[in-house]
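Kindly produce the complete structure, drawing on both the sequences and the hints.
Residue numbers (this note's numbering), protein chains in the order written: chain A, -6 to 367; chain B, 9 to 290.
It should be emphasised that the hints constitute simulated quantities derived from the structure, not laboratory data.
Hints may be right or wrong, so weigh each one.
[Unchecked claim] Partial selection, computed: residues in chain B whose CB lies under 10 angstroms from chain A:
hint, residue
1, 190
2, 239
3, 266
4, 271
We put the CB at the ideal spot given by N, CA and C, even for glycine.
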Amino acid sequence: MPWNDQSGGQSGGGGQGPWGSGPRKPWGQPPRQPPGNQNPDLDEMLRRFRDRMGMGGGPGSGAGGRSGRPFPWPLLAVVLFGGWLLSGLYTVDEGERVVVMRLGDYNRTTGPGIHWRMPSPFEASQKVNVTGQRTDEIGFTTINRQTRDNPDESLMITGDRNIVEIHFRVVYNIKDVENFVFNVRNPVNNPNTQELGAVRQVAESAMREVIGQRNLEQIITTDRAAVEQSVEELTQATLDDYAAGVQVLQVELLRAAAPSAVIEAFNDVVNAGQDAETLTNNAQRDTARIVNEAEAYREQVVREATGEAERFTAIYNEYRQAPQVTRDRLYLETMERVYQRGNLIILDQRGGAVPYLPLDGMVRRSPQTQEGAR
Amino acid sequence: MQRNFFIIAGAILLALIVIGQSMFIVRQDRQAIVLRFGEYVRVINPPGTDQPGLYFKTPFVETVIIYDRRNLGLTLGGQAYVASDQERLIVDAIVRWQIADARRFYQSAFTEQGGADRLEVFTEAAMRRALGGASSNEIISGRRAELMQNIENDLNRSAATELGVRVVDVRIRQADLPDETRERVYERMRSERQQVAGRIRAEGERDAAIIRATANEQAARLRGEGDGQRARIFAQAYGRDAEFAAFYRSMRAYDTALDQGTPIVVPPDSDFFRYMQRRRAQ
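Laid out in structure tokens, this is it:
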């Protein structure tokens, strides 16, 4: 220290102490009085303090006494100290864990119940809900059970350069409290600063990566479960890489569809499928009708023919018994019926010239004749 | 006495200030560097070590700067990048990073915000390098994971030494077409769907026509069978006496073919009137 040994070096001062008093005596020969009187005063004060302590701590010594008695500082001190100690009490609910740091160093994790930690500057605690499932909704926001699309998040580009609208949900909880608290800043969304949590960011990025590797057609039809699976695995792997202490429980793909701008064209494809099916169904129905009609025709024709043939056979058998009689009878009976119905004109053609017959008029008159005949 | 009390109180206060100035706590998730009049002295609890706790320093002479030790997030807004096939893509990314060398970080960035800003510039440059060498298809689908790894490695070479940070992860959030291209994509998607819809409808019509034709074929065969059987039955029956069969069939045909009121011109010497003439002749 410069003032312990300064007889040598200093040229101008000449052995003076730093305070300019006597040589080699930094504290020596105090120039003023008050410091000298300090000791007795201090003793007295301490004694008085002790007296007060005794009075304050004594039973029924009238702490509230107004007869010039001093304020009970010791009591206040005890109360404050007790309050300070009590400030270390905390309760933990089922499903919560509290991480306690002693002088900043991770010390222990406490489970449900009531616990005490050292008060403020020595130990600090942080409470985390571990078993409660946390949910992040990506691509949409739910307000009063109504979902609203969030185009900036929901529209994703697929491997075949189409755009798909994705709404999904990540459900996760905390598997390692210590990691969760100490390793990643903002692991979950911060509602105060609107800052998005790491889980959400990673999940969205994973979804976009997975969607980018697949084709639209498969994403919206067959690959939904595979997409969920891949996103879950990718998100979990990334978060584990960060040692974030987060367990992804589920990735739910709520909507994977064509964007609303082109949804009509997509629906029309579905409609086209229905139309085509209707057409073939109608054709099937017609097939049944056509085939049944044809079958009916075949049966009808064959049975009629069989009947006719049997009828002929019956007559023929009779005809063989008496050919001429039967033939004449058949002829006359038929002609009888025919001439009865028709407009009979008997005309002798032996005259040579064919006479003019007003056939037209006769035909027109004929219905009345028949009416009259019946 | 009153004056002495204040002196003591002042002394206690002074002592508290000195104690407060000479002690500091480094939390589990923080790291600290100690500076003596701005000159680096030591770092406490850097990543990879486990040294949190209570520390002492020379009051007023040494100052402490506390940095976060956790994995920090940096979000880069969407920027247009030109891929190797000259297509423009809007890419945004998240960077997870950590202050790895607090001394270096203090020297080059000073505050965490300053470090984040500089890291953002580094990241954009690294992305431009990585994405510029890849086609848009590779960025969108094929090699996204690989590209992200390349950017991370690039940053860990450039930014890490420069800024004293470690880049834990770079993730491309969105690699998307610009808005003006999007409408064209929609148009193409629509036309593709219309094509599919048209094909499905045409296939439906074709299938329906085939089904009908098959039905007609079957129907014709059935009718033919019927006609054939009919012919055989008649041939069998009429074949016993062709002459009589013709006569019989003619009779039936006259009966059914001639309608009501059909004018029929008959010569008086027809078979029907045979007996009329005979009587006249007698």
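**Asked** So which of those numbered hints doesn't the model satisfy?
**Response** none
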